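Participant: Once you've looked at the hints, dock chain F against the given chain E.
Going down the list, the sequences are from chains E and F. Once you know that position 318 of the first sequence is 318 in full-length UniProt numbering, the rest is easy, because the numbers rise by one and skip nothing. Once you know that position 324 of the second sequence is 324 in full-length UniProt numbering, the rest is easy, because the numbers rise by one and skip nothing.
Treat the hints as calculated values from the structure; they're not laboratory data. None of the values given here were measured: they were computed from a predicted structure. Any given hint could be a false lead.
Where chains are identical, the list cannot tell them apart; a pair therefore holds if satisfied intra-copy or between any two copies.
In silico SDA-like links for lysine to any residue, alpha-carbon gap of 20 Å or less [unchecked claim]: (1) K117 <-> Q45; (2) K294 <-> G158; (3) K224 <-> E374; (4) K116 <-> V44; (5) K282 <-> D69; (6) K354 <-> A333; (7) K117 <-> K315.
Protein chains: 2
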Amino acid sequence: MSGTFKGKPTSRRAFLRGGVAAAAGAVAAGAAQAATPDPLITEVQDWAISLGDGVDATPYGLPIEYEADVVRRNVPWLTADPISSINFTPIHALDGTITPQGCAFERHHSGAIDLKKEDYRLMINGLVDTPLVFTYEDLERFPRENHVYFCECAANTGMEWAGAQLNGAQFTHGMIHNMEYTGVSLRTLLEEAGLDAAGDLKDKWVYVEGADASSNGRSIPMAKALGDCLVAFKANGEALRKEHGYPVRLVVPGWEGNMWVKWLRRIEVTDAAVESREETSKYTDTLEDGTSRKWTWVMDAKSVITSPSPQSPIKHGKGPLVITGLAWSGHGAITRVDVSKDGGKTWETARLAKPGEAKALTRFYLDTTWDGEEMLLQSRAMDETGYIQPTKAQLREVRGLNSVYHNNCIQTWWVRPNGEAENVEVS
Amino acid sequence: MSGTFKGKPTSRRAFLRGGVAAAAGAVAAGAAQAATPDPLITEVQDWAISLGDGVDATPYGLPIEYEADVVRRNVPWLTADPISSINFTPIHALDGTITPQGCAFERHHSGAIDLKKEDYRLMINGLVDTPLVFTYEDLERFPRENHVYFCECAANTGMEWAGAQLNGAQFTHGMIHNMEYTGVSLRTLLEEAGLDAAGDLKDKWVYVEGADASSNGRSIPMAKALGDCLVAFKANGEALRKEHGYPVRLVVPGWEGNMWVKWLRRIEVTDAAVESREETSKYTDTLEDGTSRKWTWVMDAKSVITSPSPQSPIKHGKGPLVITGLAWSGHGAITRVDVSKDGGKTWETARLAKPGEAKALTRFYLDTTWDGEEMLLQSRAMDETGYIQPTKAQLREVRGLNSVYHNNCIQTWWVRPNGEAENVEVS
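Here chain E stands alone, though its shape is the one from the complex:
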């Protein structure tokens, strides 16, 4: 999959030999050669003659101090206070696809609550044969599944409807994370309570709510509830972190993050949607004529270049360049990502690191050569339904400028000859 470059099989080799990677012989031989001797090669370093940390140093480890910038960040002016607010995953500095829980974005409506496993209860009630209350231990006795899914806040990229505003992929596209969840199928628990009482399931719903003060209630159509939803208690192998809903959250694959209720406390089977605050005045899309789209649950195909980007400028000058980013679709697997360097006039197809992961982040790479000139970088995702990520102009044509949520348009970074990048809008 790698090791060759489209039409330029020797570009990196020739380039690195020409200057970037030093020829080792020259460096080691020292003064007789043209290259300046590199003391990191020619001199014995402290770390090679002293002892490092022992295995008792960090029972649970954190990133090294040099990575202190790779953290969640919030934007104080976005919300009235940090309790009902959002922070952003540092996607500009990550690679691969898994998001560590420690830097995965948070969105709370009344803060991250402290709930012990022994105090946890999950009620299933409404149109079921037998209303049930589960303890955490009960949940652990049902068959478990493992799946990697992305979770994207519906408001991700929402500030960009009106034009380029937040300068950095972390802030424009960082309300997303991608983790491996372990949990029990929601279907299994609903079947445990029995659905005969609900009658014809076709028009039925479940209403899910959390144990926090906001309760964040949302209605989910029965078909989805009986589909791929998980009642999850682990992420990336370990317990959910407090800020991700410890001890139990709902996972609603491919659907907007607001429905992934944290600190899940109740699931009610109903014969109609509740039309709660979170699905009427919020998380709906107001169109140009003042009416609103609702039930816009599925996150359409979307992508963003994470490097180079405003927080991840090119520092190495012209020559070999790896352009990389993330693509995802709530409808299934990403099948193709194209990258443009000229604001959408021409496109090159990127390499997908691991295609076929449905409703999960897909990493793409374009292994290319930079001529040192300015670029208008864009990426465009396609998914298995044939859907193609739209331009901002196309999206505005359909939805106008009144929306906040569900902005999945193509993002543009203007890379200048000095390698710095800026969030811009192209017509």
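Facilitator: Just chain F now, kept in the frame of chain E:
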């Protein structure tokens, strides 16, 4: 995949209704019902009427305090000091397959060193056309790959050769982790330096060493070096942690962890193995007759039940029980795992959560019913080569009792009627 139980489709349902999960109506109705009202359901809780933490609370998060036991642990008496020592992944408390970096086991020979990206250099020398020195930034300019692989120390389970000793899956089998790595193919870098000078590659080797005081040099045959090895700089999406080789480590998929050199500083192409300390007096397998097997790089198929296990007893009494564990093979994908409750007399085939992941941890589940009687739990892995994990007796027959490394035999947990488990040996 879930929701049914072999031959007992209603066992959990009937069981939970019979006692464990409370019928919600009964609880809510209170005193008129037989069930004791549960104040966690009938009374408003503090967390539902107060605000939690804001999104500025933890720029980089850690596990919640209630999970403080889920950490790496070392065993002081195993080694002379904690600098050249090992600690263990808390696999008994994890689920899914990904290991968070923060609790992934560590093995250092001279401690975890502190090495900044800007001080990082990687030399490729020896039988190459042009010896090269790469900076960290140089490495970022080559095409990258992403793969999930397990890394197992060759000494994992080594204390068990002589008999059941360490009481807990974390200690018997916790020298393993499983992460998504991002890096450059070692082949790409070797080709950058040029291998024409090496002549016939068939009998060539690379010698790899780290920047720490131990240097931990190892010889790798050229076929593997040009195969799936990665020069990795990210794990689970973020920078390698200090204790995992920041900023760069070698990934040698399926092969013993000692070869996964951390703080990788040099790769020398040679025409013979170096026969270093780490591959002669250590990491070889002394047989009954005093001779030693060497070049035993590949980690054979192996598995362990992580729950129930000594550190993860059954607390819920008889009835529905999820038996779960991990299986892996350095030769490829796990194709099947069987579980025995009677010390290997009879076997049931477990469910693989996500089959087909080569050289990565595979999670297995047996969704079963416990009769409350004692069990001798075992798991037995099979891989795509047809290899079957051996019993301890079979392994001893071939290798005797002098070995430390490469013990991949079937593990037994004796589960008593009270749900507690113990590490035992069955004949």
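Participant: Where does the structure disagree with the numbered hints, that is, which hint numbers, in rising order?
Facilitator: 3 and 5
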